[in-house]
Amino acid sequence: MQVYKVYLKILKRLYPFILMYVVIFYGIFLLQSMNEPTTNNLDFQIVKPSIPVINHDDSLLTNTFIDYLKEKTKIVDIAFVEEKISDALFHRQIYYVIEIPDDFGKSFINKQTKQLKISKIPASAVAIYVESLINKFFNTARLYLVSGIDEATLSESIIKDLSKEVKVEIKDKITNNTINAGYYYNFSNYVYLCLLILIISLITQVFNQTELKKRNLSSPVKLKKINFQLMLGHISVTIIVWLIFVIGSLILMKNVMFTFNGLLLIFNSLIFVIVAANIAFLIGNLAKNSEAQSAIANIVSIGSSFICGAFVPQMFLDKKVLLLARFLPSYWFIRANDVIVSTSKLGDTQFSIITKCIVMQIIFIFIIYFMNLVITKFRRKEVK
Amino acid sequence: MFKHIFATRLKCLLREKSLVFWTLIFPLVLGTFFNLAFSNLASAEKFEPIKIAVIDNKEFREDENFKKVLSDLSKDDDKIFDITYTDEKEAEELLTDSKIVGYIYKDEEINLVINKNGFSQTIIKSFLDQYLQISSTISSIIKIDSSAIKKGLLEEINNHQNYIQDISKENIDDTVVYFYTLIGMVCMYAGFWGIKTVNELEANLSGQGIRLCLSPVHKLKAFLYSLLAAFLINFIEILIVLGYLVYGLKIAFGNQINYIILLCFIGSFTGIIFGAMISAITTKSENFKTGLMIAISMFLSFLSGMMNINVKYFITNKVPFLANINPVNLITDALYSLYYYNTYTRFFINLGYLTIFAIVCTVITYFLIRRRKYASI
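Here the protein sequences line up with chains A and B, keeping their order. The opening residue of the first sequence carries number 770 in the numbering used here; numbering runs sequentially from there. The opening residue of the second sequence carries number 312 in the numbering used here; numbering runs sequentially from there.
One should not assume that every hint holds.
[Unchecked claim] Just so you have them, the derived chain B footprint on chain A, three or more residues with Cβ under 8 Å: (1) 771-779; (2) 858-867; (3) 929-939; (4) 970-982; (5) 1067-1075; (6) 1085-1092; (7) 1107-1116.
[As the list claims (entries may be wrong)] One-sided excerpt, in silico: chain A residues whose CB lies under 10 Å from chain B: (8) Val-791; (9) Ile-793; (10) Tyr-795; (11) Glu-852; (12) Asn-904; (13) Phe-907; (14) Asn-908; (15) Arg-911; (16) Ala-921; (17) Pro-989; (18) Gly-1078; (19) Asn-1141; (20) Thr-1145; (21) Glu-1151.
Honestly, the hints are just simulated from the structure, not real lab data. We put the beta carbon where it would ideally sit given N, CA and C, even for glycine.
With the rest of the complex left out, here is chain A:
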């Protein structure tokens, strides 16, 4: 097993790179999941968007309004520095800001026309929701003014009315963690491609150097044995890289990963790493030198991650881009992930899509494998 040992020796030297990608992956993933609201509650809960309210008024009516908003939204405390609020709005930390001007309550009771000053991300769902809350509150208040009641009764009555709610029933019990798991596996598309291409293609190239190849061919070890040990090396690397991220997901999201959906995610990723390993081998065979190799590695991994929806979810991608993406294996990997986490009760429709995606990936494995066979043969002739 001399060749295999050399393989592992080269692999050991590459561990800082592997570590770097692992750190970047988990860094980004943890930051991303911190940003998502964690609703693991299985009973109905409204999702409360964060809204800073800057209140310059201290009337009973505006206080009632703020109490009402507190029930429907999360009123956040951002220090009132205009630049901070503008920054938060731009970075989508908040989607809506309400500023209540001086004497707004008084002006409202006297039917004058002071208005709330708001900044928003136009046409966003949050803006539509919050605006409906504002309109609901003040239009209800306006109706009460017709009957000419005082401010205290007014506030009381509004709160009573607005507490009327419809009944909600949840059929499927899907939690945020499931969605997070989908994000994790989609994002793993990038590290799998990047790491495997980096390692496998680099090592393939080392053994493909003409001088070294000539030396190896003249050694008493049979070519078949050399190739077998190299293959064993590639398989080991693939499994190690795959396991690093699978075990990571088992630790981070154990309540999801041990369900049927979780196991499907793991299985799908196993198929994908095989595709990725084949791609890596192909690049190692094609690239002329290590510089070209790292250029191709970066473009392939970043490119297919962007186009196929590893970074930006497929549902947000342009239709034409997705059409192009269908020609790449990553598309099918990510599509299957998306379907797997879409519901906890997978029906026939979902199964047929998942099967199709996995079959497509297997087809890619065969195509790339045969390309590799042809190229290796061609290369061997070149050496001879």
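Assemble chain B onto chain A, guided by the hints.
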């Protein structure tokens, strides 16, 4: 002398194909990928009518008011719902296949059935609540004042008023930041040229360096001229990338083109001198230095939001010190402030920090490479 060294260095550097790839082709390709991925993001943020189903049973058909409210909410351009009227079995199926977000059925009360918690679900509930609430309001008003109807209550109900004055800013497309980090990255990639330059100038780093030390040229002059050649190449590359982003991909960059070019000028210099510093600090191989440079600029780009824009926000707010010493973030933030704000204070603060960073690197490099002479090497 200037002409000779400058022209020769230009030729030498341009023959480095892999450097040209990383500093020019790679950013162009990355920009194209960004554009493919983000082109639809701004419109994806827009609210889309929520798909729901309504069970068309006896109770529903008899409730004229509720029917009218639902149909009002699902017509015109600014509709909230896309409604399918159907029976319970099909609604159930649509929900399982995620074709709808939820369905409504009416018995004595109004009920909403959904698959999971979410914001769309919250919106559906909010609008259904509103229907219940208005009925409650009307009946309690009549209780308080039985003459309310005479006073025009019913007219008031439909007389919705606007209590909002919109003072939002106009430029709010957050995907531009990704392209700004790209410019920051290209500036840092200038470091590759810096590494190359110092490597071929220092006697303890390369054969060319040894030869150059023997020639009757003042070293500082040779260094400056070579640096100038590297700078010219990188600055032109940045202008090409910038031109591609602005004219090819139509990315918004604010209106102050002079300020942007000034920023790229200083940014490009910062990158080169940073690379020169790295090259002068260690005698390790050029490959090691290039790898180090890639790792550093990737990490700095990551902190500036290249992989996820929230990282930039997080760092700026929680660890502002780190944001202020990160050249990629300073360049990104300067471009962002030109795009988003009408004032230039923040732009010049960023530019100031960037200049300080460049000066510190220059001073360190200067003390590292000055007066290094060898009797024998």
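How the hints compare with the structure:
Remark: the region 771-779 of chain A is not confirmed as covered by chain B, as 0 of its residues place a Cβ nearer than 8 Å to a Cβ of that chain, below the required three. Under a criterion of three residues with beta carbons nearer than 8 Å to beta carbons of chain B, the stated coverage of the region 858-867 of chain A is upheld, 5 such residues being counted. Requiring three or more residues with a Cβ within less than 8 Å of a Cβ of chain B, the coverage given for the region 929-939 of chain A holds, as 10 such residues are present. Check on the region 970-982 of chain A: 0 of its residues sit with their Cβ under 8 Å from a Cβ of chain B, so the three-residue criterion for coverage is violated.
Given a C-beta distance limit of less than 8 Å, the hint that chain B covers the region 1067-1075 of chain A holds, as 5 residues qualify and 3 suffice. Beta-carbon proximity to chain B at under 8 Å applies to 4 residues in the region 1085-1092 of chain A; the threshold of 3 is reached and the given coverage holds. Three residues within the 8 Å Cβ limit are the bar, and the region 1107-1116 of chain A against chain B gives 4, so the coverage statement holds. The beta carbon of Val-791/A is not positioned within 10 Å of any beta carbon in chain B (closest approach about 14 Å), and the interface hint is therefore violated.
Using the Cβ-Cβ criterion of 10 Å, the hint placing Ile-793/A at the interface with chain B is satisfied: the shortest such distance is roughly 7 Å. For the restraint placing Tyr-795/A at the interface with chain B, the shortest Cβ-Cβ distance is roughly 13 Å, beyond the 10 Å limit, so the hint is violated. Taking 10 Å as the C-beta cut-off, the interface hint given for Glu-852/A holds, the closest approach to chain B being about 8 Å. Annotation: Asn-904/A was flagged as interfacial toward chain B, and the flag holds, the nearest CB pair being 7 Å apart, inside 10 Å.
Interface hint status for Phe-907/A: upheld, as the beta-carbon distance to the closest one in chain B is roughly 5 Å, under 10 Å. Among the interface hints, the one on Asn-908/A holds; its C-beta lies about 6 Å from the nearest C-beta in chain B, closer than the 10 Å criterion. At its closest, the beta carbon of Arg-911/A sits 7 Å from a beta carbon of chain B; the interface hint therefore holds under the 10 Å criterion. This hint is violated: Ala-921/A has a C-beta 13 Å from the nearest C-beta of chain B, more than the 10 Å allowed.
Among the interface hints, the one on Pro-989/A is violated; its C-beta lies about 34 Å from the nearest C-beta in chain B, farther than the 10 Å criterion. Interface restraint check for Gly-1078/A: the shortest CB-CB distance to chain B comes to about 8 Å, inside 10 Å, so the restraint holds. Evaluation of the Asn-1141/A hint against chain B yields a violated restraint, the C-beta minimum of about 25 Å exceeding 10 Å. At its closest, the beta carbon of Thr-1145/A sits 26 Å from a beta carbon of chain B; the interface hint therefore is violated under the 10 Å criterion.
With its C-beta approaching chain B no nearer than about 23 Å, Glu-1151/A sits outside the 10 Å limit, and its interface hint is violated.
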